[in-house]
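Participant: Please build the complete structure, drawing on both the sequences and the hints.
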Amino acid sequence: MKVLVGIKRVIDYNVRVQINREGTDVIKEGVKMSINPFDEIAVEAALRMKEAGQATEVVVVSIGPGAAQQQLRTALAMGADRATLLETDDEVQPLAAARALMNLVEKEQPGLVLLGKQAIDDDANQVGQMMAALWDKPQATFVSGLELDGGRIRAVREVDAGLETVEITLPAVVTVDLRLNEPRFVKMPDIMKAKRKPLETIAFSELGIEMPPRLESLGCEPPPSRSGGVKVDSVDALVATLKDKGVL
Amino acid sequence: MAKVLLLADHNGDSLNVSTTRALRCAAALGEVDVAVFGSGAGKAAEAAAALQGANRVLHVDRPENASPLAALIAPQLAALAADYDVLLAPSSTFGKDVLPRAAALLGAPQISDIMEIVDERTFKRPIYAGNVITTVRVPAECKIVATVRIASFTAVEAAATPAPVETIATDASLPDHTQWISLQASGGDRPDLQSATRVVAGGRGLGSEESFAMIFQLADSLGAAVGASRAAVDAGYVPNDMQVGQTGKIIAPDLYIAIGISGAIQHMTGIKDAGVIVAINKDGDAPIFEAADIGLVGDLFQIVPEFEKALGSG
Ligand SMILES: Cc1cc2nc3c(=O)[nH]c(=O)nc-3n(C[C@H](O)[C@H](O)[C@H](O)COP(=O)(O)OP(=O)(O)OC[C@H]3O[C@@H](n4cnc5c(N)ncnc54)[C@H](O)[C@@H]3O)c2cc1C
Ligand SMILES: Nc1ncnc2c1ncn2[C@@H]1O[C@H](COP(=O)(O)O)[C@@H](O)[C@H]1O
Chain A
-7 MKVLVGIKRV IDYNVRVQIN REGTDVIKEG VKMSINPFDE IAVEAALRMK
43 EAGQATEVVV VSIGPGAAQQ QLRTALAMGA DRATLLETDD EVQPLAAARA
93 LMNLVEKEQP GLVLLGKQAI DDDANQVGQM MAALWDKPQA TFVSGLELDG
143 GRIRAVREVD AGLETVEITL PAVVTVDLRL NEPRFVKMPD IMKAKRKPLE
193 TIAFSELGIE MPPRLESLGC EPPPSRSGGV KVDSVDALVA TLKDKGVL
Chain B
9 MAKVLLLADH NGDSLNVSTT RALRCAAALG EVDVAVFGSG AGKAAEAAAA
59 LQGANRVLHV DRPENASPLA ALIAPQLAAL AADYDVLLAP SSTFGKDVLP
109 RAAALLGAPQ ISDIMEIVDE RTFKRPIYAG NVITTVRVPA ECKIVATVRI
159 ASFTAVEAAA TPAPVETIAT DASLPDHTQW ISLQASGGDR PDLQSATRVV
209 AGGRGLGSEE SFAMIFQLAD SLGAAVGASR AAVDAGYVPN DMQVGQTGKI
259 IAPDLYIAIG ISGAIQHMTG IKDAGVIVAI NKDGDAPIFE AADIGLVGDL
309 FQIVPEFEKA LGSG
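Residue numbers (this note's numbering), protein chains in the order written: chain A, -7 to 240; chain B, 9 to 322.
Treat the hints as calculated values from the structure; they're not laboratory data. Just to be clear, a hint being listed does not mean it is correct.
In silico DSBU-like pairs for lysine-lysine, Cα to Cα no more than 35 Å straight-line [as the list claims (entries may be wrong)]: (1) A:Lys42 <-> A:Lys187; (2) A:Lys20 <-> B:Lys317; (3) A:Lys185 <-> A:Lys42; (4) A:Lys24 <-> A:Lys235; (5) B:Lys132 <-> A:Lys223; (6) A:Lys20 <-> B:Lys132; (7) A:Lys235 <-> B:Lys290; (8) A:Lys237 <-> A:Lys223; (9) A:Lys223 <-> B:Lys317; (10) A:Lys237 <-> B:Lys290; (11) B:Lys317 <-> A:Lys237; (12) B:Lys290 <-> A:Lys223; (13) B:Lys132 <-> A:Lys24; (14) A:Lys237 <-> A:Lys24; (15) A:Lys24 <-> B:Lys290; (16) B:Lys151 <-> A:Lys235; (17) B:Lys151 <-> A:Lys99; (18) A:Lys237 <-> B:Lys132.
Computed footprint of chain B on chain A, listed as stretches where at least three residues anywhere in the stretch have a Cβ under 8 Å from a Cβ of chain B [claimed, not checked]: (19) -3 to 10; (20) 79 to 91; (21) 149 to 160; (22) 167 to 181; (23) 209 to 215.
To list a few chain B residues with every Cβ distance to chain A over 12 Å, as calculated [claimed, not checked]: (24) Arg32; (25) Leu88; (26) Ala90; (27) Arg109; (28) Val126; (29) Val153; (30) Ala163; (31) Ala166; (32) Pro172; (33) Val173; (34) Asp179; (35) Glu218; (36) Gly292.
For glycine and all other residues, C-beta sits at the position ideal for the given N, C-alpha and C.
Facilitator: This is the structure in structure tokens:
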């Protein structure tokens, strides 16, 4: 079984993002970029399936600028077999991303598509569900436990009420949550080896996908800030201040 | 007036508080019909009908709808939404699971986590873990499909007279590739994290599952719900449904007490709308103090028992 993993190049989660002077977007120049943390977990999950003899090939795909090759190379260094970049400098919104991934699914015919539950830049949490709809296949989202058994997957999902277990047949789309696994570190020799692994670049515009309507962005602003308040030096002072504020 | 369809999150008997909050947003956009997918979920449908802002409740009743499975509900929801200008769902895990699947079937882009309505087609939503707020507009000719950030809206009140409930039978064929197996709910009889007015939360600073009991005790003496940082959940001190933050629950209690939590941006995004934030941490430089209204620097193992005692005697 072939596993397709979608990875997005995003601003590293440790960076404090800044809005540009025009208020149109966040500043991405000169900022550390990484694989979306959820997607790194998806890559790890795919690699473990391969190591367990459940998957035959792990293909990573990213939609984004040429520089996203870096993130694809990292995934190859982790152990993925090959990579595809659907190259574009434009912002690709979730429905368009889902259609582009579907385009690749038709070509690659994977048994399983693994994605992150959300990209930490747009925080949309949409692409996996949309892809599953377009593909007309089952979905298991927010997954923190995954058991593959022949043509079926038993998935544990992190939901508001606790942990939900569902069973789905393959092919399917699974979106992963942070507690599924801890991604491996990339070692130096693997980085060298990854340079020789195949990385194909296809222009997004040549996929011929029908572009869906786009949400128009009217600008960015910082959130209403909470300025730090007082520091108290004893429990008694804490209780008194809480009473003052009317919350006790 | 725009026709709005709101997907209800419920357990068959009662509505999830996320639904009553999302209805506040929905009602500001037009005339709202609430869709309750279930199997004999009449009680939940009646609960929806009793809310101010609900014009009509559509109870889509069939055995397959007994479990909240997106692959089954999304095609029914998309079909129902054909006659509406706006399709909304709360940003609960249920809403987040179902709505994008329906949006794709409708060929419409989705706005995730509406936090403010600017005008009938323009909305504010958080990105980058809530560190940036972006304003987006849905193009004309296009259906508005969106989830509603629960912490940004208050629950609607009860209606003077209940709205009519219509039971709809659909016979569209549904896939059998997805089976619901079980739900392991940690629950208990403590207040619900998402609707509680007071929340006490613990982090890695607690050090062990045993020590986390202190948080539960303090919460009980305050009548509060219990929350946790991701580190505390990852370490196995408490179950996942207590996690607060970007990947956990977004909450807005009147009082939030963070104990042994450093205040990472991914955690803070979950409590931005809290009334009063209290931080108890032994590290005076912890980032949580930048956002806390009241900070107390010190060892939680000393402070928490003292705090509890002070509450008991006060
Ligand atoms: C994509 C992504 C999503 C994430 N989503 C979330 C999320 O939803 N929610 C979330 O919480 N995190 C989330 N995180 C993790 C987040 O970045 C932090 O790692 C996490 O919040 C840290 O938890 P903590 O504050 O409990 O632990 P730490 O950062 O280790 O802080 C522990 C604190 O306890 C204090 N302490 C220790 N001992 C004592 C004592 N005896 N008395 C008093 N204080 C003490 C320390 O001074 C320290 O400040 C996410 C991370 C990523 C990458
Ligand atoms: N540009 C992209 N390239 C590759 N995968 C993507 C891209 N955008 C989103 N994804 C995948 O879809 C998941 C959810 O993204 P989102 O719906 O944008 O929050 C991500 O975690 C990725 O696995």
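Participant: Does each hint hold? Answer for all of them.
Facilitator: Status of the hints after comparison with the structure:
1. A:Lys42 <-> A:Lys187: holds, 20 Å
2. A:Lys20 <-> B:Lys317: violated, 50 Å
3. A:Lys185 <-> A:Lys42: Roughly 18 Å between the alpha carbons, so the hint for A:Lys185 and A:Lys42 holds.
4. A:Lys24 <-> A:Lys235: The hint is violated at about 45 Å.
5. B:Lys132 <-> A:Lys223: holds, 33 Å
6. A:Lys20 <-> B:Lys132: Distance of about 21 Å is within 35 Å: holds.
7. A:Lys235 <-> B:Lys290: Holds. A:Lys235 to B:Lys290 sits at ~23 Å (cutoff 35 Å).
8. A:Lys237 <-> A:Lys223: The given pair, whose Cα atoms are some 14 Å apart, holds under the 35 Å limit.
9. A:Lys223 <-> B:Lys317: Roughly 21 Å between the alpha carbons, so the hint for A:Lys223 and B:Lys317 holds.
10. A:Lys237 <-> B:Lys290: With a Cα-Cα distance of about 24 Å, the restraint between A:Lys237 and B:Lys290 holds, given a limit of 35 Å.
11. B:Lys317 <-> A:Lys237: This hinted pair holds, its Cα atoms lying about 20 Å apart.
12. B:Lys290 <-> A:Lys223: holds, 13 Å
13. B:Lys132 <-> A:Lys24: holds, 27 Å
14. A:Lys237 <-> A:Lys24: violated, 41 Å
15. A:Lys24 <-> B:Lys290: Measuring from Cα to Cα gives roughly 31 Å; hence the hint holds.
16. B:Lys151 <-> A:Lys235: With a Cα-Cα distance of about 48 Å, the restraint between B:Lys151 and A:Lys235 is violated, given a limit of 35 Å.
17. B:Lys151 <-> A:Lys99: Given pair B:Lys151, A:Lys99 holds - Cα atoms ~31 Å apart, limit 35 Å.
18. A:Lys237 <-> B:Lys132: holds, 30 Å
19. -3 to 10: Result for this restraint: holds, n = 4.
20. 79 to 91: holds (count 4)
21. 149 to 160: Our answer is that it holds, as 12 residues pass the Cβ test (under 8 Å) against chain B, meeting three.
22. 167 to 181: holds (count 3)
23. 209 to 215: Coverage by chain B holds for the region 209 to 215 of chain A (7 residues, Cβ < 8 Å).
24. Arg32: holds, 19 Å
25. Leu88: For B:Leu88, whose nearest Cβ neighbour in chain A is about 15 Å away, the distance exceeds 12 Å, so it holds.
26. Ala90: holds, 15 Å
27. Arg109: violated, 4 Å
28. Val126: violated, 8 Å
29. Val153: violated, 10 Å
30. Ala163: holds, 16 Å
31. Ala166: holds, 24 Å
32. Pro172: Holds: least Cβ distance 29 Å, greater than 12 Å.
33. Val173: Non-interface label stands for B:Val173: nearest chain A Cβ at 25 Å, farther than 12 Å.
34. Asp179: Nearest chain A Cβ is 19 Å from B:Asp179, so the label holds.
35. Glu218: Per Cβ check, B:Glu218 is outside 12 Å of chain A; nearest 21 Å; holds.
36. Gly292: violated, 8 Å
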